[in-house]
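**Q** Spelled out from the first residue to the last, the chains are:
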Amino acid sequence: MERPRHQGMAKNTYMRWRLPLVCLLWEVAMIVLFGVFVRFGPEADAHWEEEKREMNLTSDIENDFYFRYPSFQDVHVMIFVGFGFLMTFLKRYGFGAVGFNFLLAAFGIQWAVLMQGWFHSFKNGKILIGVENLINADFCVGSVCIAFGAILGKTSPIQLLVMTLFQVTLFSVNEYILLNLLHVKDAGGSMTIHTFGAYFGLTVTRILYRPNLEQSKDKQGSVYHSDLFAMIGTLYLWMYWPSFNSAISDHGDAQHRSAINTYCSLAACVLTTMAFSSMLQKKGKLDMVHIQNATLAGGVAVGTSAEMMLTPYGSLIVGSISGIVSTLGYVYFTPFLESRLHIQDTCGIHNLHAMPGLIGGIVGAITAAAATEDVYGKEGFIKAFDFTGEYQKRTPSIQGGFQAAGIVVSLLMAFAGGAIVGGILKLPIWGDAAAENCFEDGVYWEVPEDEESDVYHMHNPDKPASP
Amino acid sequence: MERPRHQGMAKNTYMRWRLPLVCLLWEVAMIVLFGVFVRFGPEADAHWEEEKREMNLTSDIENDFYFRYPSFQDVHVMIFVGFGFLMTFLKRYGFGAVGFNFLLAAFGIQWAVLMQGWFHSFKNGKILIGVENLINADFCVGSVCIAFGAILGKTSPIQLLVMTLFQVTLFSVNEYILLNLLHVKDAGGSMTIHTFGAYFGLTVTRILYRPNLEQSKDKQGSVYHSDLFAMIGTLYLWMYWPSFNSAISDHGDAQHRSAINTYCSLAACVLTTMAFSSMLQKKGKLDMVHIQNATLAGGVAVGTSAEMMLTPYGSLIVGSISGIVSTLGYVYFTPFLESRLHIQDTCGIHNLHAMPGLIGGIVGAITAAAATEDVYGKEGFIKAFDFTGEYQKRTPSIQGGFQAAGIVVSLLMAFAGGAIVGGILKLPIWGDAAAENCFEDGVYWEVPEDEESDVYHMHNPDKPASP
Amino acid sequence: MERPRHQGMAKNTYMRWRLPLVCLLWEVAMIVLFGVFVRFGPEADAHWEEEKREMNLTSDIENDFYFRYPSFQDVHVMIFVGFGFLMTFLKRYGFGAVGFNFLLAAFGIQWAVLMQGWFHSFKNGKILIGVENLINADFCVGSVCIAFGAILGKTSPIQLLVMTLFQVTLFSVNEYILLNLLHVKDAGGSMTIHTFGAYFGLTVTRILYRPNLEQSKDKQGSVYHSDLFAMIGTLYLWMYWPSFNSAISDHGDAQHRSAINTYCSLAACVLTTMAFSSMLQKKGKLDMVHIQNATLAGGVAVGTSAEMMLTPYGSLIVGSISGIVSTLGYVYFTPFLESRLHIQDTCGIHNLHAMPGLIGGIVGAITAAAATEDVYGKEGFIKAFDFTGEYQKRTPSIQGGFQAAGIVVSLLMAFAGGAIVGGILKLPIWGDAAAENCFEDGVYWEVPEDEESDVYHMHNPDKPASP
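Protein chains in written order, with the UniProt record's numbering: chain F, 1 to 467; chain C, 1 to 467; chain R, 1 to 467.
Derived from the structure by calculation, the hints contain no laboratory data.
Some clues are possibly wrong.
To be verified - With a straight-line cut-off of 27 Å between C-alpha atoms, the simulated DSS-like cross-links for lysine-lysine are:
no., chain 1, residue 1, chain 2, residue 2
1, R, K11, C, K283
2, C, K378, R, K11
3, F, K283, C, K283
4, C, K383, R, K52
The shape of chain F in the complex, shown without the other chains (with noise of 0.2 Å):
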């Protein structure tokens, strides 16, 4: 077992100009084309006075702004709270996994205004930008946020900040995809967030396989505290998924309805979770993994279908069952990924997105294609589906038709992005950590000296810890 240990030390991981100056770069960049192109949007312009006469609204409580903006913050919650805390739940990463994620969210947040924003709010050379944008810009780095699970304490601080510059890239390229030429309904983002996001992130950790990272086992586990910590994180997605699946849905019924179908499915998660956890450990214990991760999976499951007729009990149906899945992914499947297709997936992705993620996809399609003017009502149809201009003669089955291409062309697109950023990842100039080394915050944070850690001595390993 020399070998390993010994390549393993001849990692460099020094920070100290790579990151700076990665992030200095970028930042300049950022500044430079959010010059050249962003602006506020009209309803949060100082010309508003006059929009609002051009848009006929009478009261100021008709922007936008009153529409989405506490659904932007549940949203903005999730991102920073929901999946930084959630990936707390390892007894040394605790620092890189609110820390990272809020470093990689934060830029990726602007980089995803300026990639969405030519896709889809460009106009005269600007970009104009108002709440919606802020919510898809979050949207757009969930996905990396999801990806950063699968690859969590094996990746230096360098490479999530390059996979977050392609990812969010590659993101808004499926988006438009489906959103604009595929017309696909995706409001709480199925396929364009869970789907891609997961196995884009599952194909990069496929990549980045490290044959000796049992070298780093006992650092895998949880400790009492910071499996508490981690429910934070939990039952901020948790709660706040209605907010999510609703936050850019139509005015109106639209995002009051959304709110309704993720808060069944989610629900009903819960008791299929806890009953599948407790059935699948041999002294009927519960186990934190699961409580944690597969009650997320209803928001996941409803993300495509939550703003359509969906129904309270075919919320709870579609809930229900992804619970069910992903805790049995979570068993049997994560195992088996990594053994057999060396996919090493350090929180489950597979279980909490991918496959809930597919599942909302297929979901979507299906209450699409079953859509009918009579449960829509007529001018309810064609605004849940927005069949006008040249998409008016779209039927219901064949929009359930593109919905499933959506899903094929997200799988696409997360395989290949996946595989050319792992490539990409794995040259060796981004600092990450030896195998040894995984999973442990002294890598790249001070830590607190109550912390017996073992890299305080990683540099000279042949010497015992005590004097």
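Given the structure of chain F, go ahead and fit chains C and R onto it with the hints provided.
**A** Chains C and R alone, transformed into the frame defined by chain F:
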């Protein structure tokens, strides 16, 4: 002392088939009942455009969603993070506190949507739901979370699910009696949620009295960080309580007023709690138990009257008194309840919910009885107490009498219901733990190894822990 | 080294009568003053129906409550969870951080409702309050929480209450001078909240200089989990800062714009903070102190200008600079302040609030001076700077001058006020702890036994800790 120990050992806490069975069967029942009964209300249905015209609304922003959704999310946080983390103060029961609260609330909200729906939202054979139903379901479950506080650490998850089933049912009946038959106002639920929930829970814990609970005395305390986790719960309850009390008030001034009254009451409550906490301890030091709990009594105590013209100074008075009463309760009443009345109240819900709930009911009755057209305005008076239709001729003093009757009915329902449900939970089939294994996550959860837990050795208590 | 130790021992930290007396007397004073002065404003009063007609509003949704309540709740979270948990980074002062912040803020908001009410909401002998008053009270208390950061761990709860009383008073006077006399814009409070609060706190801590503070050096650090608790505070401050800066802006575009500018500034700030944190440490490792604090400087620095047409790229620039300045401050300035100027700044508020606050004031002055009718539109220009009535003839450059004057006034008020209040707090009657017991919860709190605390032995320092 050998008997109780071995009696304890005989207890079967194996959950593997029982818990999954209950969870899955009940979730299937929910799906069937939702399928038969639950549909989207008009403001969440895709026919909203037609509905909007019918209701003479000019803008989507007048959809009830925008009046209530931000408050709903705050209430949601209170139920899942607020109650969940408030109960993590125990050193070894953090998983159970957050996890079981999650489980029972997720089941409870589904059942509450049905029960409350049958009573309040039933039209042409269907329950039509919107955001207000979600809030009410959360409210209903809030009363179960309160009762959970009394029996925290001493019951199995199945017992909690059984209790939830019955308590939600009884809550809905009691709420129907109060709101519909007695025409009582109780927007923040001092009577329906707190008084009912707390006395229900206290009755249940009385019936489940454990004479040998001192065997787990060492686990009934907190550790430093568990007290900080609990403060997360405290603060979210405290901060969002204005949303709780205003969430289902009438649009406009009533919601506005409820929030202000609650804000004032809670602020005052913190000061009197700190004062009495220091005063009642020999060394004058502050006690975290008081800060975590009694500071919230002010929110409970203005639950009924917050939407009335209680006025800000009235709220300060109510908040001040309830902080004092609650802190005194923790110091003098809780030990008395345990030693004399055999009521083992883990979280002290008698001090946080029962007594402040009674205060809230009484203050509400007085405030209603003191209402005048002068203070409320002619229209405001009728609107505030809904003195329309058959209640057109009610006077404030009669209303005050009915409010008082509401307290009595809630108490009777709580005692009777608690006694019956306590009896059911006493059956030896639900898998509760032995006295010496109470307050111990290891019984129902896989616990990481850092926690040196007695439970690992509990099946063989005579063998020494270390080899 | 014997003298300071025994000097310390002589200090009387017994709170039993002093703290309750202050809390109760002051709460009684609040009740009396609220009773005499505070009433519901027209939008929270039961006469709202008549008011609505008078204001020509067609829908309840135009009640100010719906414009501001979601932002209010976010601000509320920032004050109580944000500031409270941010300060839990100390290994043994978590109870004091969260608990004393809770106490002073709960008192402060009551007193602020009165003080600010007399200046801004006084009509016919009454203070008429609505949701905007609650936000402003939270804002005012925010400046006290900031000052608390400088003296964290070194003062008794009574000192904190006394400081709150005076600081809220001075804050309100300063705010009145700025907003009403100088007609300055400062929606996010770069000057009124941050500059004033920080320099006030720094002056207080200078006056309270403790030459022997190195005696508690071992307690001035963090432990692993206390750093994670602090990240809860950081993230909630970071995420909700767009709400903070937009909470009291004009309805419509101004609120919308403030949120966007703040979102951009904060995102940029994270990247430059990470860059400099790594760059300034020999091993290139990230320092949690920087991530917890300097990432927030971007929110402070756009406080004044967020509601102006700063533009998104302008915000990125401001955020980038303030992250750099703040991180440099932690590395170079804080040690300098302590060693040379005897300013012991526990949380580094000079870096997080003072310098970014000054930047914010200056950026605001420049942005105001650069305003043109072209950029704002004719109506927007007048509305944004409220150039009506006696201010009809103000030009942007004059406005810029007044903005700059606002910075100077805030600084002078802070230094003068801080000196006086520091002098009052230096009186030996308030029960502050000896130098070796600073940063130690055991002085004022009952602490669970897991924390092996020196304080348990502090009254008998010559006796060995273990028998």
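**Q** Hints first: check each against the structure and report whether it holds.
**A** Quick rundown of the hints versus the structure:
1. Between R:K11 and C:K283 the alpha-carbon distance is near 15 Å, which keeps this suggested pair within the 27 Å criterion.
2. Of the supplied pair hints, the one linking C:K378 and R:K11 is violated, its CA atoms being roughly 61 Å apart against a limit of 27 Å.
3. A hinted pair counts as satisfied when its Cα atoms are at most 27 Å apart, and F:K283 with C:K283 does not qualify at roughly 47 Å.
4. With a C-alpha separation of about 14 Å, the suggested pair C:K383 and R:K52 falls inside the 27 Å cut-off, and the hint holds.
Of the numbered hints stated above, those contradicted by the structure are hints 2, 3, listed in ascending order.
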